[in-house]
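Trainee: Here is how the chains run, residue by residue.
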Amino acid sequence: MTPTQISQIAFYFFAGLAVLGAILTVTVRNVVHSAIFLITSLLATAGIFLTLGAQFLFAVQIILYVGGIMVLFIFVIMLVNLDVALHQLQFNRQKWVAGLLALVLGSQLGVAIWFARAKGSLDIPSGRTGTLSPQNVEQFGLALFEKYALPFEIASVLLLVALIGAVVMTKKRI
Amino acid sequence: MTALLEFLNTYMWRLIFALVIVGVLPLLAGYVVLMERKVMADMQARLGPMRVGPHGLLQPIADALKLLIKEDIIPENADKLVFWFAPVISVTAAMVAYSALAIGPFFQIAELNIGLIFIVAISSMGIFGIILGGWASNSHYSLLGALRSTAQMISYETAAGLALVGGVLLAGTLSTKQIVQAQQGGTWFVFVAPIGFFLYLVASIAETNRAPFDLPEAESELVAGYMTEYSGFRWAVYFLAEYANMIVVASIATTLFLGGWLRPFGSIAALDFLDFFPPLCFFVVAAYCFYRTPKQPEPIQSAVMALFGGLCLLLAVAMALPFVPGLADSKPGLHGAFWFLLKVFLYIYSFMWIRFTFPRFRFDQLMRLGWYFMIPLSIVNVLGLGVYKVLRQLQWNRWPAFLLTTGGTLLVAIWLVWIAQKKAGIPGSVGDMTEAEG
Chain A
2 MTPTQISQIA
12 FYFFAGLAVL
22 GAILTVTVRN
32 VVHSAIFLIT
42 SLLATAGIFL
52 TLGAQFLFAV
62 QIILYVGGIM
72 VLFIFVIMLV
82 NLDVALHQLQ
92 FNRQKWVAGL
102 LALVLGSQLG
112 VAIWFARAKG
122 SLDIPSGRTG
132 TLSPQNVEQF
142 GLALFEKYAL
152 PFEIASVLLL
162 VALIGAVVMT
172 KKRI
Chain B
73 MTALLEFLNT
83 YMWRLIFALV
93 IVGVLPLLAG
103 YVVLMERKVM
113 ADMQARLGPM
123 RVGPHGLLQP
133 IADALKLLIK
143 EDIIPENADK
153 LVFWFAPVIS
163 VTAAMVAYSA
173 LAIGPFFQIA
183 ELNIGLIFIV
193 AISSMGIFGI
203 ILGGWASNSH
213 YSLLGALRST
223 AQMISYETAA
233 GLALVGGVLL
243 AGTLSTKQIV
253 QAQQGGTWFV
263 FVAPIGFFLY
273 LVASIAETNR
283 APFDLPEAES
293 ELVAGYMTEY
303 SGFRWAVYFL
313 AEYANMIVVA
323 SIATTLFLGG
333 WLRPFGSIAA
343 LDFLDFFPPL
353 CFFVVAAYCF
363 YRTPKQPEPI
373 QSAVMALFGG
383 LCLLLAVAMA
393 LPFVPGLADS
403 KPGLHGAFWF
413 LLKVFLYIYS
423 FMWIRFTFPR
433 FRFDQLMRLG
443 WYFMIPLSIV
453 NVLGLGVYKV
463 LRQLQWNRWP
473 AFLLTTGGTL
483 LVAIWLVWIA
493 QKKAGIPGSV
503 GDMTEAEG
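Residue numbers (the numbering used here), protein chains in the order written: chain A, 2 to 175; chain B, 73 to 510.
Hints are supplied without guarantee of correctness; some may be wrong.
[To be verified] Below are the DSS-like pairs computed for lysine-lysine, each with C-alpha atoms no more than 25 Å apart in a straight line:
#, chain 1, residue 1, chain 2, residue 2
1, A, 148, B, 461
2, B, 142, B, 152
3, B, 152, A, 172
4, B, 494, A, 172
5, B, 110, B, 152
These are computed hints drawn from the structure, not numbers from a lab.
Between the sequences and the hints, there should be enough to build the whole structure, so can you do that?
Mentor: Below you can see the structure in the form of structure tokens.
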């Protein structure tokens, strides 16, 4: 097996897992089971990042989404009453509208991919598949702090504002 | 078939290392448990396990066998699948995390560019085993234990991560191998960032749910926390995960702060006699074992003691191999593994020492320590180490730069303690204002 083949097998495995996890997340009745399938889906996405050679994104995806956000999700789920959710109606009765929208979106994506294939712009340049760029983190850091320093700083200020806002809103007396 | 053979040929050593890790880590965890019981007994002036094997040396194996054949109980209203799956998540996370750690320059499964954050990411998933296990048990004690554990891990993971950032800043790389190589010839990072090391020590105790932060399994309040409903082998798997996690955090600390596989004072030629320490250490243990062999009460115990002595002798001979002319190349590998494991066990010993010395925290105290002290201090620590690095680049000497940055961080730490005591209203403390006002 060549590295490209291994990488392709890995991609289809992770992609299938991500889609399966996402479908099960919305169809399963039990909220905690939903959360577990969402974790599966997020982990599979992290795996796709890895096959693309984006090691840093892989780690950040796991640390932030799986290790941080999903833990908080489950934490909140455990604090609320689960029995109520089990007796409620899971889906509302607008499945025809939803199906139509899904069809439109699907055909849009399909047409886009079809045209892109015809133009050849979807082909990945040779030498980039399957090989993990060894300097990924360094390149990422340099790009963030040199080329995109201003957007990065603005984003961090925005996050800081959100952080302080959350504290201010929850605290009765500061 | 040829493709498979080619695959095996390319990755043979890594697969062998992986098998060694999977095989040895549970055994190591079992013996860490024995070590803990022996250390505890010693600190409490007892003997500890003495029955199974000489000096209780076979106790871990007996315990494992007992747990294997114990009845496996699943509560009636438990979520069976999740209940079955939860311990596996915990132990898998701990074992996968080990794949990026370097036990010596050659013994490493995967040399990753993102080594350290890979380990942090994977081991942060072990918490799902705890939460889901606590939830699936359908028991109040388990759920409360799981909730406490979640809150605790979220709070202390930030501090632990920021403490690691400090070390990474000094090394300038995330690869475990290169972090150790960055400490070669220079000083270990524990002497450059003592506060970072202290922060990681405290946070890693909290993350592995050990006393004095063992609130998720506080036996006086929650029976056994998230593992209350588990019995037999599933319980053993949780236990294994806990101890494997301890070994993982100890290995991270060893790699980042204690110089990994490097010998102490590796750059001082006058202390090269320390190279004789590994074989000598095993020789002494082997000699002691043989000395004690005839004094065992039962013939079978004598036999086991002799066997253990023989094993130590074998290890001593292996450690002495680098001194044979022509085999000097094996020195970094063999001695590196020895020093690495020695540091890991010293770190774990400090865990035990802390466990038997301090009483358990209350939950609000734990949270206050995490959010008001650990996290602010770890942020300041990262800032201080950044300043240290800049000062070193400006050709400052090591000592002024070190004293300035570490002293500054220490002052912030004292200020934080003062604020925390004032907020908690501890009477008679430095920050107590009630007396002055009244």
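Trainee: The structure should be examined with respect to each hint, and the outcome stated for every one.
Mentor: Tested hints:
Distance check on the hinted pair: residue 148 of chain A and residue 461 of chain B sit about 23 Å apart at the alpha-carbon level, within 25 Å; holds. At roughly 19 Å between alpha-carbon atoms, residue 142 of chain B and residue 152 of chain B fall within 25 Å of each other, so this suggested pair holds. At roughly 40 Å between alpha-carbon atoms, residue 152 of chain B and residue 172 of chain A are farther apart than 25 Å, so this suggested pair is violated. The straight-line distance between the Cα atoms of residue 494 of chain B and residue 172 of chain A is roughly 19 Å, inside the 25 Å bound, and the hint therefore holds.
Between the alpha carbons of residue 110 of chain B and residue 152 of chain B the distance comes to roughly 37 Å, so the proposed pair goes past 25 Å and is violated.
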